[in-house]
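Chains as they are written, first to last, in my numbering: chain C, 64 to 512; chain G, 36 to 544.
Hints are supplied without guarantee of correctness; some may be wrong.
Stated by the list, open to error - Footprint (simulated), chain G over chain C, 3 or more residues, beta carbon under 8 Å:
hint : segment
1    : 221-231
2    : 273-279
3    : 293-301
Unchecked claim - Mimicking DSS-like on lysine-lysine, the simulated pairs with C-alpha atoms at most 25 Å apart in a straight line are:
hint : chain 1 : residue 1 : chain 2 : residue 2
4    : C       : 316       : G       : 87
5    : G       : 348       : C       : 316
6    : G       : 87        : G       : 214
7    : C       : 104       : G       : 348
In case anyone wonders, no lab produced these hints; they're calculated from the structure.
As the structure is a computational prediction, the values presented were derived from the model and not from experiment.
Note that the Cβ used here is the ideal one computed from N, Cα and C, for glycine as well.
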Amino acid sequence: MRFIPHTAAQVAAMLETIEVANVTDLISHVPARLRELAEIKLDPGRSEAEVVSELRALAARNQGASDYTSFLGGGYNRHYIPAAVRAVTSRAEFATSYTPYQAEASQGTTQAIFEFQTLITQLTAMDVANASMYDGASATAEAVLMARRLKPKRKTIAVSRALWPDYRDTIRTYLSALNGIEILELPFDDQTGTVDLGALTDMAGEELLCVVLGYPNVFGVIEPLRTAIEIAHRAGALVVSATAEALSLGLLKAPGELGADIVAGEGQSFGLAVEFGGPGLGFLAARTEHLRQMPGRLVGQTRDRDGRRAFCLTLATREQHIRRERATSNICTNHSLCALAATVYLSLMGRQGLRELAERNVELAHEAIDALAARGLRRRFSGPIFNEFALSLPHPVDALAWAEQRRILAGIALQPQYPELGDSILISVTEVNRGAELHRLAAVLAEAR
Amino acid sequence: MATAGRITPIVAMKPKTEPTTATQPTQVPLIFELSSEGRRGTDLEARTAGSKSGAEILGSELCRTDLAGFPELSEPQVLRHFLRLSQANFAQALQFYPLGSCTMKYNPVVNDEMAALEGFASIHPLTPAHLAQGAFELMARLEAALVEITGMDAISLHPAAGAQGELTGLLVMRAYHRKRGENRHQVIIPDTAHGTNPASCTLAGFEVLVARSNSRGFLDAEEVRRLAGPDVAAMMVTNPNTLGLFEPEICEIAHILHAQGALLYIDGANMNALMGVAKPGHMGADVVQLNLHKTFSTPHGGGGPGAGPIGVKQVLEPFLPGPRLRHAERGWVFDESRPDSIGRLRSFHGNFGMLVRAYTYILALGGDGLADASRNAIVAANYVRKRLEHCFPSASPQPSMHECVLEHDLESRTGVSTLEIAKRLLDFGIHPPTIYFPLVVKGALMIEPTETESKEVLDHFISAMECIHDEALNDPQTVKNAPHTLRLSRVDEAEAARRPILRWQAKPD
């Protein structure tokens, strides 16, 4: 086997050193019945060439990956990935190291995480960000658990119905085992697609622990976050702002600037392929005064014995390997290499480029909206949008099928998750969509009527 | 110095004294410190002339004024910065990295190449199923392979990492008991368990009962019998345990739990010892979680991403999370209508990129190759253990599985601590083992060589450990002040915690 370096002679020499006749002697204390049944009945090993041809054949059966013009979004975003990102993340020095427990041997990883933490605080206008979570949904669920630790006496959580269904489901699962917490569904305004502020005001009582809003939300609509936060704060509740399209933070007012208490989200837009939905990049940022209740790893700056700047894991007494059942979270392995990809990506985009790219997404999405409107197709909601929007269609399922026959994945039907929006599809437009594609999308969807 | 059991004399080992990175700057500036106003690292397609800008479309009420502090660098500067940072890391591809319980084995590079194929990397998770059949098929085949390897009935590829797999498994067991009308609220965990086990229990709403391991590091069936009562939902057992030892009474423990109506959860973090040796399903496990980034060779990435699938017995299958794969008339689809499911713990369908890598690995090794990997891992661990017995004895008389936990009396004799031994190993170009874990072994060194390191590398490690042992006795300051040859001397972790600096901030002008 090409990955195992031991020759037969070396194995024999090692067994001789151990003073056993064969490997079986080393496992003779494993019950015989278990050993007898242990054979793994899989095909024998294969050459690299055989494996590659098998995997290529499977990959080729994913026609949706390359043969179609795509407008799919729904919380996962198609963006161009500069070549420099993979040039860094494929470095074995980063890819094949592990959690930087030994600071002196991990300055590459720890400094990159420190830079990542800084970039996330700059994007969100928050004080501190952790070293990453699994994805946007689980980061948002962890943010809710953190809010609960900060407000242990309060009992209700208002979760926007315009938060991605995956996020809502994940929050429900994470809270399912914790007694005494009630999840209220915060409705959205049928005209604008933004949070129903009247309903929020009604829920904002002394039992309200936190409010969870998408920013932008599942319909791509930019929530009136400042007003919602003011309402929640008047009742003494916390606000978790969740972002699935992190690029939007390059242009929109930062959630921290608008008063959010915890900012969670999905950083996949920053240099990660869509990869059928994972691995993504959860991020979580908070205020300094809430630091001790944060989940996940943190890297801090310090010095070595000779006074040189150094970086290391810190404040680990919040974490599972020290605090065990009293830890702030059970997270151990996180998505470090994905955070590295985002750090490289954001460094390349830079102060000007990230904003310009965010603006370009807004411009292209509105070009698509205008092209659709010119053919009589209207947005479902009137609220301001970033790069994704809901479109009303007389026969949305038929229209998607019609477009697919013309090699266009025009969007996602909202009906399965939002029966009240059975007439709508969700369309995502990013910089990978060319102007001509937008006009063709409009023409094809208009024909489908 | 002790000579008993010595196989070969210590070779004339001198760690390098000059910095290994002499041609590199000691420190790399932060990316923010390399920034100059007006510089850029990306060029975008031009906007249609005369059209409104994004900021004009949304208006100043919604838009921020600036990304203050964000870096401004050219592409080559960015690349150089991160490549320099990469050189400040130890990594499995470069160094021996025997971090116990982490299985730092070789990560075949072809796995990464397969995950990067456009058909896998560019398939959107919400693509209509009939245009993504390759992805479904791969997941179905991986599930089937893991069923065969573990002896369980069903696999969920949903969890993002081992700890999330634990939480998933615990919630599944909780849902099972609830469905039967039972409100069991306790979970038994051995004192040798990874910290994630008790932390996951708390998240899943369970109270932890600690089972004490016996003086040889094992779980006694008697201890489990003492604790297993009508309130116990399950017991979580890592097998082999964190001492690298197979739990000899595991089958009896399963019987005791089952007789009480409780379930057995096996933490498969140490599955690299078990392939072709014993299947968790046959040990009586009702749930097992796997770490694809350990046993199945997906890269650890400086701390992830990993993947933490769980396997369950049929009776627990209805409770598994997320959509499940179902083969319908026209191919694979996701089955969303599962009323007893615990729901999701993340978006979409698992860490698919990691699943591609693990499947590629399993195909390459095949059934025999996987068993061969475990056998070689076991030989390597026992070889290192035997060779080091004279200065770092093992905590147990039973043979080790894939890793060995060693102890020493240097701290009381010479003042040299396990941490200092670990730091000194860095000077030999070796990443230290896991230290001070499990907690039941004082000053523990937990060494997992894996099957992919050559005997020459193992011998180098053994010689380095012997050399450090000698130094501790004869020249303890050299060990206490290590490392000597890296870019940095010992990093002050206490200082980092005392006054946390968790981000870069621009100096005021």
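Consistency of the hints with the structure:
no.: 1; hint: 221-231; in the structure: holds (count 3)
no.: 2; hint: 273-279; in the structure: violated (count 0)
no.: 3; hint: 293-301; in the structure: violated (count 0)
no.: 4; hint: C:316 x G:87; in the structure: 19 Å, holds
no.: 5; hint: G:348 x C:316; in the structure: 49 Å, violated
no.: 6; hint: G:87 x G:214; in the structure: 58 Å, violated
no.: 7; hint: C:104 x G:348; in the structure: 19 Å, holds
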